[in-house]
Amino acid sequence: MQKLNHSQTIIKLDKICFSFTSENVINDVSLEIHKGDYLGIVGPNGGGKTTLLKLMLGLLYPQSGTINFFNSDIKDFKDWSKIGYVPQRSNIGNDSPITVEEIVAMGRYAKRGLFHFPTKEDKEKTLDALMQVDMLDHRNSLINDLSEGQQQRVFIARALASEPEIIFLDEPTAGVDIKTQKQFYSLLRKIHKELGLTLILITHELDIVAHEATELVYINRTIEYYGDPEEFLKGKYFHELIGKGGINH
Amino acid sequence: MIDIFNYGFIIRGLGAGVVIGIIAPLIGVFLVLRRYSQIADTISHVSLAGIAIGLLLKVNPMITAIITTVLSSVAIERLRISKKVPGDSALSIFLSGSLAIAIILISHTRNASIGLFNYLFGSIATVTQSDVYLITILGLFVVATIIAFYKELVYITIDEEAARVSGIPTKFINILFIILVAFSISLSIPIVGALLITALIVIPAITALQFRKSFKKTIFIAESISIFSVIFGVISSFYLNLSSGGTIVITTIIIFIITIFLKKNKITKILHLF
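Chains A and B supply the protein sequences, listed in that same order.
Taking my numbering, the leading residue of the first sequence gets 1, the next gets one more, and so forth.
Taking my numbering, the leading residue of the second sequence gets 1, the next gets one more, and so forth.
One chain only, chain B, in its complex shape (with noise of 0.2 Å):
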């Protein structure tokens, strides 16, 4: 059998892809809890006029789908305050939109076509150190924010209206989580891709859901469950010559459909080791 630790990208790859698979389900319990797993799916669109944007100019696509994504995301939750326009179609206007502009970019771009595919569906091949770093770095800082803000954060989820009323500055932390799901949706591009990184944010939370224990074990259920996907996934996409980011998902919705046939069946024992 290769040796998979002696190729570069594969290093490369695990180590972006262990950082994407702790801040996708941190992220996700909280957006799946409050109904926002819409909101991610337009997020993530919106990301790819930014990889457009990138691969136009030619700088470094996930630093312009951060930009596209953190000020998409800030007019999309003032948007959804202000109940100017219905929110799902307020989130149809910006997924709709960005994919044109994306579009539109793209066919104006020479090759870029052949990368786009990348960014759409994820290739460690893709991965750069450079692009280990920035994960590195801002997933680092998703990770402390959250950390900083838990308790806002599951007070807001689990019940606004008494949030705000204790005090809770509900509008501040409502922006700053909605860009903390920006950051985490353009920093998993390379290893999943635009198109799936909903799946890795939304499913290992609603598998995690399923074993009904508190909020933390909730979150440590998740982020195992991430965890193990990201790193069979991108073992298993090397050896199977597959795609990595369809591999990591496929992988999430068979630990779901088998923590719903154990419930099911009520062999709540396994449930329980957690």
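Pulled out of the complex, with its shape left as it was, chain A reads as follows (with noise of 0.2 Å):
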């Protein structure tokens, strides 16, 4: 496991409880996440990560608990240009007629604002994130031909067109065959380590995201591990995490 830096925390979740119904999905969750950290989330089907990584997008808003990002209350945050999110692929409908190009260029949207058009420089830094993760030759392809794998790389790029900070996956590579699995895990390690980005993922591959992310945590309803993800494998969570189906091993 590399050397952390904690010096620098982005992201603060404080005694964070959700609920949809009367039962709390997410039950008094406290997290750190400090700049420059890869971080795992890992947990069993039902568990809440997906309702985590919402409530820290601000997809969702918690019942009690504050989340701070970069040191203000998310509802008073309006830097979003800092953030990249890559969310599963069934968002995109399958009749979308949509080019990889322009998918990329909706990254640069929000950071140009409302009332203006793109400019060339939008152009080039969507040019870029291409070529950064190798599809630039796909430009003009539509988004739907793409295979699954491609397409991930492709939101991958629409996230880094923002020049974002911090990076937030959700199971970007479930359903794709073991050697698409690597390609794109080898794509977020040239992210994390050559760019500086944070990364925070949620996925079922632990035993990939293990050997790959800096720390992780397994939650389930209230988070139950947080720490080296090496460590993790050694411990009763991940036997439970196995028993619970909650991961691809």
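Fair warning: there could be bad hints in the mix.
Claimed, not checked - Below, computed lysine-lysine pairings styled on DSS-like, alpha-carbon distance capped at 30 Å:
1) A:K234 to A:K182
2) A:K12 to B:K171
3) B:K217 to A:K120
4) B:K171 to A:K15
5) A:K15 to B:K217
Derived from the structure by calculation, the hints contain no laboratory data.
Two independent chains are provided; combine them into the complex using the hints.
Have a look at this one:
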């Protein structure tokens, strides 16, 4: 495990509780994410991984507790271009008439702001991001004509185009083959190490993420483990996770 | 052959029709991709209540239709966001409720049922010069607003969740968009009628989607189909003495069928011309 630098906290969750009905899906979760972290979030199905991600992205608001982004409360946080988001593939409709370049250009939209048309700089940043993920040759292809692995690279490029400090990924390699999975994690490693970005990854692929991430969270409504990923493999929660079918192993 | 351009109502009908032909698919591509077609259908029925109010109060029914549809569209969107009522059920309440209001008001308005037929199915003969001005001004407003918010609308249409995370004001854009839908439907009533407008909004858009091109090219193709259908529909309805709304919609459907046929038989060279 590489030496961690926890000098700069960029996201802080303090005693978060969230429920859709009467029972808490997220219960008393506190967590600090630091600049440069590569955080893997694992847990059993229904354990609250995606809900936690949505809370951190401001898509849901907690019933109690606070979330701070770059030292400001999430409700007052304005600089969302610092945040990149790679959703699950299913968000895009099968009939969407959208090319790879149009998808990646979206990463620049919020940065440009309302009433401003994309500029030459936006175009350059879009093409740069496509180059980073090795998808420049596909820029005129429709997103739906690409393989799932290629599509996820495009969504990474969209996140990169906004020049973020942190990228959230929601099960980005669900349903892709092993070779594509390895290529994808190799790309994440490059982004983390070469670009120095903070990564937060929800995944079922514990055996891979345990060797890639710098830190691991095991969530089952509350955080039951936070620390060294490889240590996690030796502990009791790993076996509990296998029992509950929350990983691909 | 009679020179149709000697007739003022044809000139007015074509002028207003081309504006409608431009705005309908512009709205339509976003509507279809957002699975909002049913909302457009509901708003078009709501417009009937607005028309009935106009006929009752003896003011331009297009103006009362605009006011009614804008207010209802905002209410529909708020109800959709609140999730207090299932989306489909909320639309049913608005659709049947506004039809009921329209029927009650019409039954109390003398000779209104004659005019109502034109508003249901469209008739270029009913287009007045003030209608043309109103359609052109508000049509330009719709086009300008779509251009101004194009990038945000595209982002929300393709991936609303990611758009929200990136900081796009999705609630504001959604309300703005639904208001534009209301404007477009109300403006289209004299040409294609309240019951047929959804077809002009939706069919060119779904036809254009068959070409599998980029977002901008899809809009361009939908525009071409729509404008052609309106011009062809208005002119042929004059010569054949048919309803303009019905003829325009049938033209869009024929183009859709031809496109599907070409696609099914893999005659793609024609589709690739775009």
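Does K171 of chain B sit within 30 Å of K12 of chain A, going by the straight-line distance between their CA atoms? 26 Å, holds
Take the C-alpha atoms of K15 of chain A and K217 of chain B, compute the straight-line distance between them, and say whether it is at most 30 Å. Violated, at about 49 Å.
Keeping to a limit of 30 Å between CA atoms, is the pair of K234 of chain A and K182 of chain A held or broken? This hinted pair holds, its Cα atoms lying about 23 Å apart.
Sort out whether K120 of chain A lies within 30 Å of K217 of chain B, counting only the CA atoms. Answer holds: K217 of chain B to K120 of chain A is near 21 Å, not above 30 Å.
Below or equal to 30 Å on CA atoms is what counts here, so check K171 of chain B against K15 of chain A. 29 Å, holds
Consistency with the previously given hints fails for number 5 only.
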